[in-house]
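**Student:** Listed below, chain by chain, are the residues.
There are 2 protein chains.
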Amino acid sequence: MKALVLNEVKKPLVLQEMPSPKASKNQVLVKLMAAALNRRDYWITQGSYPGIQCPVILGSDGAGITEQGTEVIINPGYNWGRQQETQSGDFKILGMPDNGTFAEEIAVPKEQLFARPEHLDWAHAAALPLAGLTAYRALFVQGKLQSSQTVVITGIGGGVACIALQLAVAAGATVIVTSSSQAKIDKAMAMGATAGFLYTTEGYASQVNEQFGPVHLIIDGAGGDGYGELVDTVCPGGTIVSYGITTGPTAKLELRKVYWKQLHLVGSTMGSPDNFAAMLEIVNKHKIEPVIDEVFALSDGNKALEKMNVSSQFGKLVLRVSDK
Amino acid sequence: MKALVLNEVKKPLVLQEMPSPKASKNQVLVKLMAAALNRRDYWITQGSYPGIQCPVILGSDGAGITEQGTEVIINPGYNWGRQQETQSGDFKILGMPDNGTFAEEIAVPKEQLFARPEHLDWAHAAALPLAGLTAYRALFVQGKLQSSQTVVITGIGGGVACIALQLAVAAGATVIVTSSSQAKIDKAMAMGATAGFLYTTEGYASQVNEQFGPVHLIIDGAGGDGYGELVDTVCPGGTIVSYGITTGPTAKLELRKVYWKQLHLVGSTMGSPDNFAAMLEIVNKHKIEPVIDEVFALSDGNKALEKMNVSSQFGKLVLRVSDK
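Protein sequence lines, in the order shown, are assigned to chains Y and X.
Just so we're aligned, residue 25 is where the first sequence starts under our numbering, counting upward by one.
Just so we're aligned, residue 25 is where the second sequence starts under our numbering, counting upward by one.
Isolated chain Y, as found in the complex (with noise of 0.2 Å):
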């Protein structure tokens, strides 16, 4: 079969043949016809994640049809373990180590694989599972997210950013997003969201503030040097939850603010297989189709993994790995 193959970091990945996978015992052999990226490929591609092991297929995020005909979507989060608090120690996520979804053919436990949702073409299907149950878990279970109350949602574009703002919107919120694009805001806008705030403005806390407070909750994908106004933009009591780095691995804290206004940093990655059945449910329920950006041949890999090292997208990077 063929695949796309990180070789080595830090070098472009190969389209090459590669053997087919055999589906062992409790595993189901499916053929791809979707892939999608996501961050974590590209930050495997510079070598910044733990325990890179090369030769591997990359890929999370996939669609295809089990050697019975069913169509399938992956939940590319591994091991989960039986506590819904945090992941075992055993977790993994799909491609890397284990070979990924970026190839025509993938062998997967039996309980990965969830029904496409009727709604969702191939393409869509893709985009959906790693970022729409990171969004799941960062919005409703560490977040709590009542559909009484504002969320803010930082760096609209990203694959996370974008269908948090989809399930947020669905659960009756009120969302707004930040970006340094004011076309991705507008974007956004016509999605649901109901203003949107430049991070590249210094102070932006306070005119979020003043014009939709109390935030109650904020999605950060970000961190970096910008954590610190989003310590200033969450109202008193309310929620941080961090997913991601985009912008810096640190933050600088003043903890006087966060006792002070008794808030609630949280961390959230991933999520159990129940919240992937969960953010499903919500998704077949309002028919939320996950935005993509653009989709690729599976040959054209690396121009997509340098989409995203720009982050230029708004949505999605999808793979076409099959035309039937």
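Just so you know, the hints here were simulated from the structure itself, not pulled from any lab data.
These numbers were taken from a predicted model, which means no experiment stands behind them.
Among the hints, a few may not be true.
Intra- or inter-copy, both count: the list cannot distinguish identical chains.
Said to hold, decoys possible - SDA-like, lysine to any residue: derived pairs with alpha carbons at most 20 Å apart: (1) LYS55 with MET25; (2) LYS327 with GLU91; (3) LYS168 with THR110; (4) LYS285 with PHE115; (5) LYS46 with ALA194; (6) LYS311 with LYS331; (7) LYS281 with GLY113; (8) LYS26 with GLY272; (9) LYS281 with GLY252.
Got chain Y; can you put chain X on it based on the hints?
**Tutor:** Relative to chain Y, chain X alone:
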């Protein structure tokens, strides 16, 4: 009446004659028997507190007798408001801007008065309110401590840390303490701590985890550079509650650890009237006596402040107001 007055920041307190307060409608006049210091008093004398107004009688903690002869302690958190999640914008702490407890008399709103625990003498009763309230909320409301869990309490010796140790032991939790002083650790173990670690030992987090993990909760009043070690110490899915910044106002937060470990970093300050009542219930039920480091005469208030400055105390610093 005599009172200890801060006439100017960065100057010693002065024991001077002040007009006796008059109880307005809804207030009660209390003849104070004892008062106690908090780090807040020290910060105010140093000018390191927002909105300082001089002259002012300092002091948040007090116990005494009303004109009707009722023996009371004072809840120093005024105007908490209706929400349990956070204090209202009108919230203030007794002892700046309102005159506090380092005085022979004080006029206090009725709803701030609670019955003196029968098992506590005046000094111990005065030692309880602010620290007990802060510790209760940090442990049980913001920290959601369960009896089956392990909690680390940092900087044992501080007033809040000491009563937190007692409340957590009473709740049946396993308690680990940290300090820069082995002598303080030894005292804490005599009070029911299971173990203690010198936070001056780099990498103590791994020792705590090897010997006593998982650590579900950390109660921290220090902040500063040591915060990163706490992020390493707490278990996945665990909680760090911050209530103070004795060693530094900021913390460098490694967000990757926060999200991968699905942590909850929570702020806590003071507490609601409901929290105060719940704290008193535990103190009365378990006959908890706050730890007193030293009792000073009211005229020796500056000596007590200096002891707080060098943090040599183990437990509360109390001022004896009346010998009657």
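**Student:** Provide an ascending list of the numbers of those earlier hints which the structure does not satisfy.
**Tutor:** When the structure is compared with the hints, numbers 2, 5, 6 and 8 turn out to be violated.
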